[in-house]
Structures are given as C-alpha cells and as structure tokens.
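Q: With chain A held as given, fit chain B onto it using these hints.
These protein sequences, in sequence, are chains A and B. Numbering of the first sequence is given in full-length UniProt numbering, commencing with residue 1 and proceeding in unit increments. Numbering of the second sequence is given in full-length UniProt numbering, commencing with residue 1 and proceeding in unit increments.
If you are wondering where the hints come from, they were derived from the structure by calculation, not from laboratory data. Heads up, a few of these hints could be off.
To be verified - Cut-off 30 Å, straight-line C-alpha distance, at most; resulting in silico cross-link-like pairs (BS3-like, lysine-lysine): (1) A:Lys73 x B:Lys2; (2) B:Lys2 x A:Lys2; (3) B:Lys81 x A:Lys81; (4) B:Lys2 x B:Lys73; (5) A:Lys82 x A:Lys2; (6) B:Lys73 x A:Lys2.
None of these values were measured; they are calculated from a predicted model.
One letter stands for each residue in the lines below.
2 protein chains.
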Amino acid sequence: MKELEDRIRQEGVILSDTVLKVDSFLNHQVDTELALSIGREFGRLFADRGITKVLTIEASGIQFAMAAGIALKVPFVYAKKKKAVTLAEQVYSASVHSFTRQETYQVSLSRNYLGPNDRVLIVDDFLATGAALVGLVQIVREAGAELAGVGCVIEKGFQEGRRLLEDMGVHVHSLARISSMAPGEIHFVDNDAPIHVKEKV
Amino acid sequence: MKELEDRIRQEGVILSDTVLKVDSFLNHQVDTELALSIGREFGRLFADRGITKVLTIEASGIQFAMAAGIALKVPFVYAKKKKAVTLAEQVYSASVHSFTRQETYQVSLSRNYLGPNDRVLIVDDFLATGAALVGLVQIVREAGAELAGVGCVIEKGFQEGRRLLEDMGVHVHSLARISSMAPGEIHFVDNDAPIHVKEKV
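Next up, chain A with everything else stripped away, as it sits in the complex:
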C-alpha cells in the first residue's frame, strides 16, 4: 500500500534493526484518514470472503479493526489482555509472550461474541514475532469459527511471525512488508531500493 509505505518513509523512526516507531500516525497519535484508508484496503482484500466479524487485540489494533469493520460493514471484537471485573462470563483464552515488554499475559475474549457461524478477519498493527496473532488464531479455532485470514498494517518480514502463521495454515496479508531496516534506511518487499528515513531523534 503505497500511501502507507510513503508515510513510514516520511515519519517512521527506526530505533534499531528491529524497532520501528510509527507512533506519530499509527499507534499513539492516529491519522484518522490514513486509518480509514487502511480499513478500505483490508475491505478490498477480503471483500469476497463473507467476513462476519473482525477480531483484534487491545489496544493498538482497535483503530484498524474499527476501520476494517467500517469498510466491511461488520462489527469488530477486541480480545482483552487482562480479565476485568465486568468480564466474568466464560471466555476463550490464550497465553501470549510479548518480546517488546518481556512479559507473558493472558488474552481473553467472551464466548458470547465469537462462534461457529462466524467468518473472521484478524487485524493488528504489527506482525513481528507473531505471538499475539498466534494467540488470536488459537481463540478463533477454540470458538469453532472460520478464519478468513490475518491482515497486518506493517510486517517485519525478517522476523518469524509470518512463518509461524503460515505453518498454522493461515493466510497473511500485510499492507507494508519490511524486508530489512537499520537506522537511516528501510527496505520494503516488492520495492527494495533503499530509502533514507529519519534516524533516532
């Protein structure tokens, strides 16, 4: 998705060979128009898949699940990272290890909001190690729902997430696939000329 790759080149900040900060427009401050464009792109890619529900995980997946839900005219659900007092009913759950935060947390989703009649599109902001997305795939399978695929905004193609998901038989579509990066430059799959971006500030 060219509009997205352009914004990553213009505003992304590469902190190391693995950490890309996009919090000026995607996951802290959010450009609502860009988020809607991202949702329309997911909508276009999965238009003929009979999606009934978009699934994501709090927090930074919510804006893209909402945008995809708008485009596909379906509700979205977000898995929670901690069991809340008001979430006392039976839940689907999976364990997820966050390499960014170096902690393991439980992801849960009410059984009321996903079931065998659903066709699900999973959406998230980043695909890197794939840990959170594997947890969401497990939840979809536990629910007996059909998984149409995983849509990611940005994929770090040099990490193992895509392989893990594809080994589970999951179709993965990322809107911007980074093949490699280092402070000062970033390469996208299908567009591999090095482009200089801002260094760590």
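A: Relative to chain A, chain B alone:
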C-alpha cells in the same frame, strides 16, 4: 442520544447498582455503525469549537475517539497505561486509580503529540468516578493545550465524576446520562420513566 439509550435498554446488562455491562455493542464487541453515529454526535456538539485533536485513553476509548476524529476530521491520540519500550521520549503523565480493577496506574502521553497550539476534545466510553478523565484533563493542562470539553458515551450520573470535572471548570457532555439503575431497570436523565432491561445473565 436516543439511538444509544435504546441500545442500552435493549442490550445493556445491569450487574449491580453501579455496574452496567455494554460489551455486546460498545466496549468488547463494537457495533461500528453505532460507534460512527456516536462520533457524529460528538462532532455535532463540538463542531464550532475549533478542535485540533481528540484525546482518549486506551483501550475502550479508542473506538469513540476514532469516530469523533473521523467526524471532526482531526487526528486522535490515546494515552497509554504503561510505559512501553518504544515510548522512551519525554511524556506527560498522571496517576489514575481504577475502582473497577482496584489498582493505581500511570497514564502517559508523548509530549510530541499535544502542545499549546492544540484545542482538545477528551472522549471516553464511561464517566463514573471520573478518575481516568481527571488524569487526562491534567495531561491537557500540563501540555498547555486548551480543553474544549469532555465527551462521554455513557455517564453514571449518580457517581461523582461529573462533579469532579465541573469543579475543575471542565465542560462535560454525555450522550446517555443514567440517573439511577438496579438489576432490571434503568433511568436516564431527561427520560425518567423506568424501563425494564435484561437482568444479570
């Protein structure tokens, strides 16, 4: 907002005199069309206030901040509840005590995304004790930004949140104001006939 009050009557589940579950359509599963309507209503209420940015807190405020940002054609930002590895720069911060979770957490927002030139609309899903919203007001003031007001989707008018915010000189607008509730019935401000809703399931 009649559409919202109707949905609360139809689908809200009252667990006690203070706990209302709306997670089938607002904050776990999200009806994207309703969320967009809520955003349009915030947009209408604050249309002439020169808003430059919508501010909320992760996670369940995000869908409504996004909807308000869409309606007002401005970006939104969400304060985070935990300092992440990729959020190393200087932040505005405030302490918030969650009565639901019985814990105190730090709310933080990058200084890059709010400043003296901003006119801010704060949005959240619930106004109850007001703790999270008071924290967001403190962040807006620390940033030197102008606060146009607070927009809440549902207000529990029998809790102290509105008074706390109004004592700080903040304009509060809630789309559904509950004056009282108990398992089996709910009363809204301006529409005080008791209406029977689903009891705890």
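Q: Hint by hint, which ones does this structure get wrong, listed from lowest number up?
A: 2, 5
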